[in-house]
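Chemist: Using the hints, put the two standalone chains together into the complex.
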Amino acid sequence: MSPTADAHRDRGTLAPATWTVPPLAATALSVGYRRRRRRRDTVVLAEQDLALPRGALTVLLGPNGSGKTTLLRTLVGMQPALAGTVALEGEPLERFSARERARRIAVVLTDPVDAGLLRVVDLVALGRHPRTRWDGRLTAQDHHVVAWALDAVGVGHLAHRPVPELSDGERQRVLIARALAQEPTVLLLDEPVAYVDVARRVDLLGLLRDLAHECGLSVLVTTHDVDLALRATDHVWLLMPDDEDGPARLRAGAPEDLALEGAVGAAFGTQTTTFDLTAGGFRTTSPPLARVRLHGTGAGAAWTERALRREGLDLADPGAPAAATVTVSEQPRRHWRLDAVEWSSDHDSLASLTATLRRLVPHLLTGAASPEDAQHHGLPQR
Amino acid sequence: MTLADAGLRPRGARRSLPPPASEPPAERARAPGHARVVVALIGLGALIAVGALASLALGSVRIPLAEVAAVLTGGEASREAWSTIVMDVRLPRTITAALAGAGLGVAGLGLQTLFRNPLAEPFVLGISAGASLGVAVVVLAVGTVGSTTLVAGLSALGSMGVASAAALGAGLVTALVLAVSRRVSSPATLLIIGLMVGYAVNALVTLLLQAGLGELSRVRAYIQWGFGSFDGTTWSQLQVLVPLVLVGLAVTWALTKALNALLLGDRYAASMGLAVRRTRTAIIGTSAVLAGAITAFCGPIAFIGIATPHLARGLLRTSDHRVLVPATALGGAVVGLGAGLVAGLPGSEQTLPLNAVTSLLGAPIVIMVLLRLRRSGQAVAA
Numbered sequence: 004m005s006p007t008a009d010a011h012r013d014r015g016t017l018a019p020a021t022w023t024v025p026p027l028a029a030t031a032l033s034v035g036y037r038r039r040r041r042r043r044d045t046v047v048l049a050e051q052d053l054a055l056p057r058g059a060l061t062v063l064l065g066p067n068g069s070g071k072t073t074l075l076r077t078l079v080g081m082q083p084a085l086a087g088t089v090a091l092e093g094e095p096l097e098r099f100s101a102r103e104r105a106r107r108i109a110v111v112l113t114d115p116v117d118a119g120l121l122r123v124v125d126l127v128a129l130g131r132h133p134r135t136r137w138d139g140r141l142t143a144q145d146h147h148v149v150a151w152a153l154d155a156v157g158v159g160h161l162a163h164r165p166v167p168e169l170s171d172g173e174r175q176r177v178l179i180a181r182a183l184a185q186e187p188t189v190l191l192l193d194e195p196v197a198y199v200d201v202a203r204r205v206d207l208l209g210l211l212r213d214l215a216h217e218c219g220l221s222v223l224v225t226t227h228d229v230d231l232a233l234r235a236t237d238h239v240w241l242l243m244p245d246d247e248d249g250p251a252r253l254r255a256g257a258p259e260d261l262a263l264e265g266a267v268g269a270a271f272g273t274q275t276t277t278f279d280l281t282a283g284g285f286r287t288t289s290p291p292l293a294r295v296r297l298h299g300t301g302a303g304a305a306w307t308e309r310a311l312r313r314e315g316l317d318l319a320d321p322g323a324p325a326a327a328t329v330t331v332s333e334q335p336r337r338h339w340r341l342d343a344v345e346w347s348s349d350h351d352s353l354a355s356l357t358a359t360l361r362r363l364v365p366h367l368l369t370g371a372a373s374p375e376d377a378q379h380h381g382l383p384q385r
Numbered sequence: 003m004t005l006a007d008a009g010l011r012p013r014g015a016r017r018s019l020p021p022p023a024s025e026p027p028a029e030r031a032r033a034p035g036h037a038r039v040v041v042a043l044i045g046l047g048a049l050i051a052v053g054a055l056a057s058l059a060l061g062s063v064r065i066p067l068a069e070v071a072a073v074l075t076g077g078e079a080s081r082e083a084w085s086t087i088v089m090d091v092r093l094p095r096t097i098t099a100a101l102a103g104a105g106l107g108v109a110g111l112g113l114q115t116l117f118r119n120p121l122a123e124p125f126v127l128g129i130s131a132g133a134s135l136g137v138a139v140v141v142l143a144v145g146t147v148g149s150t151t152l153v154a155g156l157s158a159l160g161s162m163g164v165a166s167a168a169a170l171g172a173g174l175v176t177a178l179v180l181a182v183s184r185r186v187s188s189p190a191t192l193l194i195i196g197l198m199v200g201y202a203v204n205a206l207v208t209l210l211l212q213a214g215l216g217e218l219s220r221v222r223a224y225i226q227w228g229f230g231s232f233d234g235t236t237w238s239q240l241q242v243l244v245p246l247v248l249v250g251l252a253v254t255w256a257l258t259k260a261l262n263a264l265l266l267g268d269r270y271a272a273s274m275g276l277a278v279r280r281t282r283t284a285i286i287g288t289s290a291v292l293a294g295a296i297t298a299f300c301g302p303i304a305f306i307g308i309a310t311p312h313l314a315r316g317l318l319r320t321s322d323h324r325v326l327v328p329a330t331a332l333g334g335a336v337v338g339l340g341a342g343l344v345a346g347l348p349g350s351e352q353t354l355p356l357n358a359v360t361s362l363l364g365a366p367i368v369i370m371v372l373l374r375l376r377r378s379g380q381a382v383a384a
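As you go down the protein sequences, you meet chains A and B in turn. Using the working numbering, the letters of the first sequence map in sequence onto residues 4 to 385. Using the working numbering, the letters of the second sequence map in sequence onto residues 3 to 384.
One chain only, chain B, in its complex shape (with noise of 0.2 Å):
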């Protein structure tokens, strides 16, 4: 039959598909959009620093901000302890806000585009789940020796050593996901099995409190662990959260050819190519190390993952992850700055849960974008 449709057509060999360019299309490169994501990008850069100045200079003490850029320029303050406090307090919890909110943001935007669900978020998975159990496993059962107050509680098996076993929980319960997710080829199911891990896991975490109810100081100490916090991150522990956030987001960024590839769904991203089941191995496990980094060192922090996402697609009004992924990397160190600001409450000794104030700032300002868009069917959709 091939034969036959050679003979009988005039040219010999196949017209290259689409013609040859005859002039550089930069029109159509250029998006209308383009000049909307140039200035968002700026605008939450621009943001981001005067939230580090101000997370720098306000709290139970304010430094005036000519003493905050001495220090940072290595100079000293005028008082000493104003050194310490920025450099040995402040400047890790402002380090530690940015970072946590963008790394995140960027799980949730991941998962989101993953699950095509835009309630998806690095805790659905059951990762907080698991960092929540790590933790109570070694507050309230293990116990820390001779200890009785809060402070001494968590210092002595070392915050380090809660960070690990927040860390160990969240791995542990990722694996057991991804175990399962190669077996499931729906993403809509796998949520759901992830949402199941997430309810039994917590449901340990219940017993072992029921179990711990007798010494209240370590079940305060979990509670304090559940509000949620930026501060009391010290130098060492940056060393391990750092390098794990970089690594997380700049994996995100590799991603995002394959991201826009699953906005069409699992089926027409395997047709253009896409190893769709190593893809999403590659996505959960870098939502995992993030989020279960952050986890062991902040607690859990809902709404920054599920929120920042819409915020960023709100601003951009673009699904497109190569402006998404890096807006919502910086929306999310906006939100974290700005959360870890109002929690501190600036000129007070008294702080508010990190928690609390996430979602009660957080979610009135989530709904008024996903309002103030036209087709906030289609916003949500991830």
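Here chain A stands alone, though its shape is the one from the complex (with noise of 0.2 Å):
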């Protein structure tokens, strides 16, 4: 390591000072893949300015092929830079040795791991290689820091395990301890989440999250679930691909500005989705087979709305035409009442209700697009 990283480094446990330099950055920074044959490398960022902000969870969010999983590889020195400088505590990271850089910048890969007979604590242990002499021999101190790694990530039962025996969420769990045990400030992780169940998978953020907070590191994980982004992070990186192929943009901000400017509905939206900025969420833009009335209130009704939703159908505004009108009751317990004209039926279920609506469909007026069309045609037409 050059001796004005080490300073820095020093500085940094006392002086505020560093704490303006960030701990991973990059300046102009162009990322893609050199071509051999073709005349044009791949660009998929072009000169962009990074900072990585110190002790808080970043994700960087993109759709599919966007590139995420390319410019972590760059930010980490896995893959060269097709242009621009990536800095490490403010230090170019070519200067680190391999070893001084996997001491700072630990990662959790995609890459599948096929461990053998290696225990899980065994497994964490590889990561103090940066850190050990020679031969590899674990002092008290690595056996330390594994079983803290193992506790952060809430796996020290799982220690003796063999590796071949975990969950999918487990493994996830101990590829992170193993990145812990690195002891490193800044923390990568591609696709942490791609194989984790929705609970966990915000368990697992706001664990990465709560270590990033309680020991200053700088944590970066890519995704594709926005939900998930804009739930559980203290910053977004929104990867917007080009509509033309050329190389994506990236905008930084907290998730709530990123949403209200609507950048996350650009980066995602498809030409039948569209992000609902009211609902936090994705949903089809084909237009309504019909209006909907739907009376009724709490958990009943917000699922109803979206067993309708699901079934292509809109809710009808306020006294706004509607083809059918759908009850929630409550009491005695919760059933659905559905009039249309000529028709009525009684539900107790969401399936049941939607089995008839789907048959009703055809003869509820499409027109509702078209409020007046709808106020005359509301019946079914037989």
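Hints are supplied without guarantee of correctness; some may be wrong.
Unchecked claim - Anything over 12 Å on all C-beta distances counts as not near chain B; from chain A, calculated:
{"#": "1", "residue": "A49"}
{"#": "2", "residue": "R140"}
{"#": "3", "residue": "A262"}
{"#": "4", "residue": "E264"}
{"#": "5", "residue": "L280"}
{"#": "6", "residue": "H298"}
{"#": "7", "residue": "E308"}
{"#": "8", "residue": "E314"}
{"#": "9", "residue": "W346"}
{"#": "10", "residue": "S352"}
Claimed, not checked - Chain A regions said to be covered by chain B (calculated; three or more residues, Cβ under 8 Å):
{"#": "11", "region": "93 to 105"}
{"#": "12", "region": "126 to 136"}
{"#": "13", "region": "239 to 249"}
Hints listed in this document are in silico derivations from the structure and should not be mistaken for laboratory results. Predicted, not measured: the structure shown is a model, and the values here were computed from it. A virtual CB, placed ideally from N, CA and C, is assigned to each residue, including glycine.
Modeler: What follows is the structure, given as structure tokens:
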């Protein structure tokens, strides 16, 4: 490691001055793949300035194929940049030896890990690699850090289990523990929640966020899970693909700002889906088959609305005409009443309600898009 | 952004990532497999002692252990011939068998981990094919001036000449594979290239064999070499073989940390600060020295290189090279001594081809070990 970087680090423990130096930053960074035979390089991201915030969780969000992994690999030096520089603690990344770099940056990759007959604790101990001497002997301090890393991600009880016996979620935590065992200041994770169920995704991101806040770690996570990114992160780097196959653009900001500014919708929207700012989720943009009036409150009404939307129906605004009316009653127990002209039925489940609606829809008028027509023909026509 | 972060956070300095050790975590350091490892290593050591003594005492003539001990401690046996047999035939044979087994096993272990392929061994990279070509050229093409019998044929150029040719052939093929490895990033691709080189070189050997058909004694000499044998190494040959094998074993021992890092795959290993390409060159080079030297003096011995690492993993139930390397070395020595003993057909004047013994006896044992492992799928993953 260069003396300057060392000086930075030593001062960093005392003087807040070094807090102005981002742990990982990029200047005019162009990311992509060099093509030997083609004339043009494949540029994923062009001339981008980046600064990873210290002690915070940042999510690198982008749709499939937008270049998240490529950017992440370039930031850790696993792939050369097309142009521009990456700086680690203010020093160009190339000035660090591989070992010194590994003491500052740890990664969790999407590469499948086939650890054979290793136990969890052995695998996590591999993370001590850049800090052990030539023969890899673990000191008491090494064992201590490994135990700490296991506990930090909540898998201390799995320490002696063979790695192949773990579930996907557990394995992901173990891989994070391995990265933590490197005692990095920067932790980069590529799609860490890809094989984890929704509830555990939130847990996992919460864990990473806690680690960032409590240990001063700078964490960067790539994902295409918009909902998760909006819900559980401090900062978002949003990769917005270019429509004409050019380099993507990157917007940085708080998740809510990016949503409000429409950037999330622009990055992820497709021809048939759009980002609903009010609901904070994506929905299809195809015109509704018909509009339905919904009476009811609480969870019953909320889930009924979801069921109706799933069937391609929209809710009628108050006072506007509707082709049918659905009433959710909670007493004596939850049931649904469906009223349309020449039709009336009671249902004890949303499955039964939607099945009936599906049969009725051809008769409900699609003209609901134009209210006058709907008012005129508000009835199922046989 | 980081300034704001610094201002907002009450703590001025980064908290130390793992909190300082409160107590020495002795419990986690001591693995539950620890006792198994100790017992296994001691057991293997004992087996080597037994095998070595048996190898010294048994053969076409049975020599009492007391006499063997007398000779080894610098005394004289009660019959002068026994002293000669022990010192000039059986001791070199025993040392050769133990070292060849250890060297081939450790070379196989390194390559299996490097290529993450349970079938990798020194000879799949074409190393043995190269050695065979060298020997074939010497024995078949260059000819052995004025000699017709097998023994004379080999001794005319001197067995040292055959060994040199084998080493040269192995070295050339290894150099070729290493040159290619600089341009190839995928271990699997490199493995296939090695296989292809091996096929091509073997084809050359076949051509030489066909050309040599006119002189059947030479073909027989070549085939005899191909059977493999621990017999017939002299002290002067051991002066070359012993240092080479010991250096190879020592270098592999020094590479345990790198081998462990490679368990997670090239990318993870690189992210932890390992110089992957340099390590790859070191592992291939070491394996080539080990396998090349052993093949030069003992012929192409199949099976030990591929099987011993699996036996060691099955015995120790771990993929941790810190114990696998010594266990494979010791286990290889046991296998070498055992195979040499059986091939020598104690009590008879006959001998069996070493290659037939290693494979015929060894294959069922390895299959049994693999089947007995609950997770045999993981067990073979290097």
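Chemist: Of the hints given before, which are not true for this structure?
Modeler: 2, 13
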